[in-house]
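Here the protein sequences come in this chain order: X and C. Quick note on numbering that gives the first Met the number 0: the first sequence kicks off at 0 and runs consecutively. Quick note on numbering that gives the first Met the number 0: the second sequence kicks off at 0 and runs consecutively.
Hints are not guaranteed to be accurate.
Unchecked claim - Okay, derived cross-link-like pairs now, EDC-like style, lysine to aspartate or glutamate, Cα gap no bigger than 20 Å in a straight line:
id : chain 1 : residue 1 : chain 2 : residue 2
1  : X       : Lys-231   : C       : Asp-63
2  : X       : Lys-231   : C       : Glu-222
3  : C       : Lys-317   : X       : Asp-156
4  : C       : Lys-195   : C       : Asp-181
5  : C       : Lys-58    : C       : Glu-222
6  : C       : Lys-287   : X       : Asp-26
7  : C       : Lys-29    : C       : Glu-202
8  : C       : Lys-195   : C       : Asp-163
9  : C       : Lys-287   : X       : Glu-228
10 : C       : Lys-317   : X       : Asp-26
11 : X       : Lys-223   : C       : Asp-45
12 : C       : Lys-109   : X       : Glu-101
13 : X       : Lys-223   : C       : Glu-311
14 : C       : Lys-280   : C       : Asp-200
15 : X       : Lys-150   : C       : Asp-148
16 : X       : Lys-219   : C       : Glu-221
17 : C       : Lys-14    : C       : Asp-46
18 : C       : Lys-138   : X       : Asp-156
19 : C       : Lys-12    : C       : Glu-30
20 : C       : Lys-191   : X       : Asp-226
Just so you know, the hints here were simulated from the structure itself, not pulled from any lab data.
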Amino acid sequence: MKILVLISNVPDTTTKIRFTGNNTAFDDSGVQWIINPWDELALTRALELKEAGGVDKITVANVGEKSTEATLRKALAVGADDAIRINTTANDAFYVATQLAEVAKDYELILAGIEASDYNGNAVGGMLAEMLDYNSVSAVSGIDLDGSDFKVTREVDGGYQVVSIGGPLLAIVQKGIAKEPRIPAMRGIMMARKKPLNINEPVEGIDKTQIIKFELPPPKAACKLIDEENAKEVITLLHEEAKVL
Amino acid sequence: MSILVYTENWDGKFKNLSFELVSYAHAIAKEMNSTVTAVSLGKVSDDDLMKLGKYGATKVLNVDDERYNSIDNRATAKAIASAAKSEDSSIVIFANNNVGKAIAPRTAIKLDAGLVSGVTALPLSINPFVVKKKVFTSKAIANVQINSDIKVITLAQNSYDIIDLGQSATIETYDPGIVDTDFSTSVIETNKVSGKVLLSDAEIVVSGGRGMKSADNWGGLEELADLLGAGLACSRPVSDEGWRSHSEHVGQTGVMIAPNLYFAFGISGAIQHLGGVSSSKVIVAVNKDPEAPIFEAADYGIVGDVNVVIPEFIEAVKAL
Ligand SMILES: Cc1cc2nc3c(=O)[nH]c(=O)nc-3n(C[C@H](O)[C@H](O)[C@H](O)COP(=O)(O)OP(=O)(O)OC[C@H]3O[C@@H](n4cnc5c(N)ncnc54)[C@H](O)[C@@H]3O)c2cc1C
Ligand SMILES: Nc1ncnc2c1ncn2[C@@H]1O[C@H](COP(=O)(O)O)[C@@H](O)[C@H]1O
Numbered sequence: 000m001k002i003l004v005l006i007s008n009v010p011d012t013t014t015k016i017r018f019t020g021n022n023t024a025f026d027d028s029g030v031q032w033i034i035n036p037w038d039e040l041a042l043t044r045a046l047e048l049k050e051a052g053g054v055d056k057i058t059v060a061n062v063g064e065k066s067t068e069a070t071l072r073k074a075l076a077v078g079a080d081d082a083i084r085i086n087t088t089a090n091d092a093f094y095v096a097t098q099l100a101e102v103a104k105d106y107e108l109i110l111a112g113i114e115a116s117d118y119n120g121n122a123v124g125g126m127l128a129e130m131l132d133y134n135s136v137s138a139v140s141g142i143d144l145d146g147s148d149f150k151v152t153r154e155v156d157g158g159y160q161v162v163s164i165g166g167p168l169l170a171i172v173q174k175g176i177a178k179e180p181r182i183p184a185m186r187g188i189m190m191a192r193k194k195p196l197n198i199n200e201p202v203e204g205i206d207k208t209q210i211i212k213f214e215l216p217p218p219k220a221a222c223k224l225i226d227e228e229n230a231k232e233v234i235t236l237l238h239e240e241a242k243v244l
Numbered sequence: 000m001s002i003l004v005y006t007e008n009w010d011g012k013f014k015n016l017s018f019e020l021v022s023y024a025h026a027i028a029k030e031m032n033s034t035v036t037a038v039s040l041g042k043v044s045d046d047d048l049m050k051l052g053k054y055g056a057t058k059v060l061n062v063d064d065e066r067y068n069s070i071d072n073r074a075t076a077k078a079i080a081s082a083a084k085s086e087d088s089s090i091v092i093f094a095n096n097n098v099g100k101a102i103a104p105r106t107a108i109k110l111d112a113g114l115v116s117g118v119t120a121l122p123l124s125i126n127p128f129v130v131k132k133k134v135f136t137s138k139a140i141a142n143v144q145i146n147s148d149i150k151v152i153t154l155a156q157n158s159y160d161i162i163d164l165g166q167s168a169t170i171e172t173y174d175p176g177i178v179d180t181d182f183s184t185s186v187i188e189t190n191k192v193s194g195k196v197l198l199s200d201a202e203i204v205v206s207g208g209r210g211m212k213s214a215d216n217w218g219g220l221e222e223l224a225d226l227l228g229a230g231l232a233c234s235r236p237v238s239d240e241g242w243r244s245h246s247e248h249v250g251q252t253g254v255m256i257a258p259n260l261y262f263a264f265g266i267s268g269a270i271q272h273l274g275g276v277s278s279s280k281v282i283v284a285v286n287k288d289p290e291a292p293i294f295e296a297a298d299y300g301i302v303g304d305v306n307v308v309i310p311e312f313i314e315a316v317k318a319l
């Protein structure tokens, strides 16, 4: 079986967010780029499945410009076998899914993250599943191979559900799918340099959405501090002033 | 042309989340001189279906079919897209919860529609269609324009007031024509805590962090949550330690919540934690470290010991 892991390249989670061009573009100067945390966990689970046997190859794919290659190399360094970069700017989920659909067809299992931590789209995985007419499961916190089927755990309100589903499958993963992401070792980094990173040119596609402006959230009023001895007053304030109790 | 809302049910009942979606859709419909149709999948009583009318649905498409009792992404998207086509809907609205996030992208492809998830307010304009959403895990807001004819959005929880208009809806049985082979998900096991307030639906959330010190210290938080009818949550290290279940972990990599009131006890307020809770309307922080970043996000704060403050809060709530 072959697994494809979709990799989104995002600013480090502690990045200070700024904009340029009259608040129309994200200011990426000085930003550290990482593998989207969900995708990193998805890749980790794919590697575990391969180590357990039954998986022949793990490919990682990204739609992005040349600058995302460092992120793909990191994915290779932790153990992916090869990488595909589709050489275009990723702005809109529909466009990104259109590009990924071109390379995704041969994989029995595709793993996507629930959302990319930059634009929080919650979109690419589900869109790709529909374009390929694959089965899909969302909010996945566990996945195992079960013969030609998959045994998948998904979060539901107030708990979880274990389901059985046939392939080809697109699983949209979230917390719990793997415990800790893998850190690349020196040997892995050396080997990654020799692994194939294929570059595909994009097919024609359109953006169905476009960000026209960014804003920073309005500054919050200062916190009202109450002494520990008067703790009860907080409840009174919540009741009478904030009116949320 | 109409606006279609997918109203999910929980064991045959609707929740505030469903009514919020209908109220929101009604407000857009009014601006567009259009009407709201709700689509319901699975078995729901007529009484509950009628409630959707109160909040502004003029029609309810009732797909009374028990195959929808658990979610199958493909079959559910197919049913909703079919309803959208038969209603000639130009906007399709989902909740931004697990189910909405699973179904909206597939539905969008079927309708050749652009999708924006996690919308937080009424559209800024209808033509062009521009909505607001949080980006960079709540660190910024984006105005996003959808250029396709049909628009699909998911609405972030607690973004719009539930307004009882005292109206009523007509209920129609609807058959989207989904065949058995469209269903591919078979449930082996469901493990749900019942009777507990769901985090995704809670108006008030009581949350504990590493400052609570151990799993045995949660009694006070449970009591406070019970008294307030609140949901219980925790920071990531707390669930990593196994003090609480993973389903309670909130934050960027956990559940994203937006209740009216969030209590943070012994939580430092790391950026990844705030990413999932900063949309709460009011935040109360109790932490013994005056420098803890949680106080920058909080509206009310006590620099103090959780062991002292929690019993005081319990007493005060009892006295309300
Ligand atoms: C990629 C990534 C994703 C992450 N996602 C999440 C996420 O989704 N959710 C999340 O929560 N974290 C997440 N984290 C972890 C996050 O960075 C913090 O480590 C975590 O939120 C800290 O949890 P805490 O506040 O409970 O613990 P701590 O940071 O240890 O804070 C404990 C606090 O309790 C206070 N305290 C101690 N004793 C008492 C007392 N008796 N009375 C009052 N106060 C007391 C201390 O002053 C301290 O401020 C993520 C990290 C990374 C790198
Ligand atoms: N540019 C991209 N290249 C490859 N995969 C992507 C890209 N953008 C998003 N994805 C995948 O889709 C998931 C959800 O992203 P989004 O819909 O943008 O929130 C991510 O976790 C990735 O797995």
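Violating hint indices (sorted, rising): 1, 3, 4, 5, 6, 7, 8, 10, 11, 15, 16, 18, 19, 20
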